[in-house]
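Residue strings, one per chain:
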Amino acid sequence: MTINGRREKSINVSLNYNFVAGICMTDTLGTPKGAEKGEEFDLHSLEKPKNKIETLKGTDVAEDLRDFAKRQGVDLSLADMQKTKAILKDLPSSLSDEIIKTREAND
Amino acid sequence: MKKIYFDTSAYVKIYSQEAGTEVADSLFKLAEDERTKIVMSIWAVNETIAAIDRKNRRGEIRDPQRDMIFATILRRMIAYAENPNAPIDFIPITRSILTLSSDIIKQFHVSADDSLHLATAYATECQCFICHDDKLIKTIGKDMSGMTIIDITSHADTNPLLKSLDK
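For the record, the sequence lines run as chains A and B. Numbered as in the working numbering, the first sequence ends at 115 without a single skipped number. Numbered as in the working numbering, the second sequence ends at 187 without a single skipped number.
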């Protein structure tokens with residue numbers, strides 16, 4: 009029993025060591041240098057696209073959005089900025105926070 | 021003309037009265053007066069719609085309200101798109117932006133959404149990246165290779181920008 013007990017303890021120590029080692033490695037590899045301090049980064053190593061980035065033509069965007077509204081069954085004549093602002097103002101959290109929370113959940 | 025990138029977290033502020041809304045409205049007004057150009061990824065449409073959809077699923081917004089908000093958001097974007105003098109440039113998600121976005125994820129360990137916006141802003145040579153995301157600002161810092169990262173709710177960040185555009 010004593011021997012088994014010691015073995016079990018030994019295994020636990022080993023697992024804990026690996027767990028801690030794993031965390032250390034993740035921290036070392038997963039955090040960019042200076043990230044926690046908000047230091048500036050040099051992005052010169054990132055290559056900008058060689059080809060020019062085209063802006064979507066307005067009519068294409070409008071057509072896509074109209075198509076999206078149609079598929080979703082959204083009646084565009086219901087649009088009302090003042091009512092929209094009033095509804096969003098009374099929500100428990102802002103739209104902005106909702107977007108950030110979703111990104112964090114996906115991270 | 022200075023090009024300003026609007027992250028979705030900053031853009032949605034034009035639809036609700038909250039911290040940063042006045043600055044967002046001012047920047048859009050300056051863009052309408054051709055003092056600046058606003059750039060956004062078309063991905064912002066999906067992110068905005070998804071945020072409303074989640075609030076609807078949680079019961080914070082009823083179905084008729086959701087439909088009206090969808091309509092408002094889409095109508096506003098369609099109006100911008102159809103107006104040749106509109107203050108917004110919508111940028112598609114191209115293969116080169118995805119590649120750059122992937123590089124940004126590997127280098128900075130930010131989320132796929134964050135990296136897509138950063139890549140779009142960087143690739144289209146925007147001078148400013150406006151957002152309301154503390155975690156992103158903490159990770160990237162206030163400058164990304166010449167592109168200033170601005171918190172739309174921080175007067176210390178936005179006042180110099182508004183002042184420079186209002187000259």
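By construction, these hints were calculated from the structure, which means they are not laboratory data. The model shown is predicted, which means the values in this text are computed figures rather than measured ones. No residue lacks a Cβ here, since even glycine has one placed at the ideal position from N, Cα and C. Warning: the hint list may mix true and false statements.
What the hints assert, rightly or not - Which bits of chain A does chain B cover? Going by a derived footprint, with three or more residues having C-beta under 8 Å, they are: (1) 75 to 81; (2) 91 to 104.
As the list claims (entries may be wrong) - Capping the alpha-carbon separation at 27 Å, the derived lysine-lysine pairs in DSS-like fashion look like this: (3) A/K91 / A/K78; (4) B/K187 / B/K22; (5) B/K57 / A/K93; (6) B/K155 / A/K97; (7) B/K49 / B/K187; (8) A/K97 / B/K49; (9) A/K109 / B/K158; (10) B/K22 / B/K49; (11) B/K22 / A/K109; (12) A/K93 / B/K126; (13) A/K91 / B/K49; (14) A/K97 / A/K109; (15) B/K155 / A/K109; (16) B/K187 / A/K109.
To be verified - Now the in silico label distances, taken between C-beta atoms and shown as ranges: (17) A/M89 / B/Q127: 13 to 23 Å; (18) A/L86 / B/K126: 18 to 28 Å; (19) B/R55 / A/D68: 18 to 28 Å.
Distance restraint hint 18 to 28 Å, applied to the beta-carbon atoms of B/R55 and A/D68: For A/D68 against B/R55, whose Cβ atoms are near 26 Å apart, the range 18 to 28 Å holds.
Against the 27 Å threshold, does the CA-CA distance of B/K187 and B/K22 hold or violate the hint? Distance of about 12 Å is within 27 Å: holds.
Take a quick look at whether A/K97 and B/K49 sit within 27 Å of each other, Cα to Cα. Cα-Cα ~22 Å, so holds.
What's the verdict on B/K187 and A/K109, does the C-alpha distance respect the 27 Å limit or exceed it? Outside the cut-off at roughly 37 Å; violated.
Quick one, are A/K91 and B/K49 close enough, alpha carbons at most 27 Å? Judged against 27 Å, a Cα distance of about 21 Å means the pair holds.
Does the structure keep B/K49 and B/K187 at a Cα separation of 27 Å or less? holds (14 Å)
For the pair we were handed, A/K91 and A/K78, check the Cα-Cα distance against 27 Å. Given that 27 Å is the threshold and the Cα spacing comes to 22 Å, the pair holds.
Whether chain B covers the segment 91 to 104 of chain A (at least 3 residues having a Cβ closer than 8 Å to its Cβ atoms): With 11 residues closer than 8 Å to chain B, the segment 91 to 104 of chain A meets the three-residue bar; holds.
Is the hinted pair A/K109 and B/K158 satisfied, with a Cα-Cα distance of at most 27 Å? OK: A/K109 and B/K158 at ~16 Å, within 27 Å.
That 18 to 28 Å hint for A/L86 and B/K126 (C-beta), does it hold up? The hint (18 to 28 Å, Cβ to Cβ) is violated, given that A/L86 and B/K126 are roughly 43 Å apart.
Checking one constraint from the list: CA of B/K22 to CA of B/K49, max 27 Å. Satisfied? holds (14 Å)
Restraint check for B/K155 with A/K97, where alpha carbons must lie at most 27 Å apart: holds (24 Å)
The structure fails to meet hints 11, 12, 16, 17, 18 from the earlier list, while all remaining hints are met.
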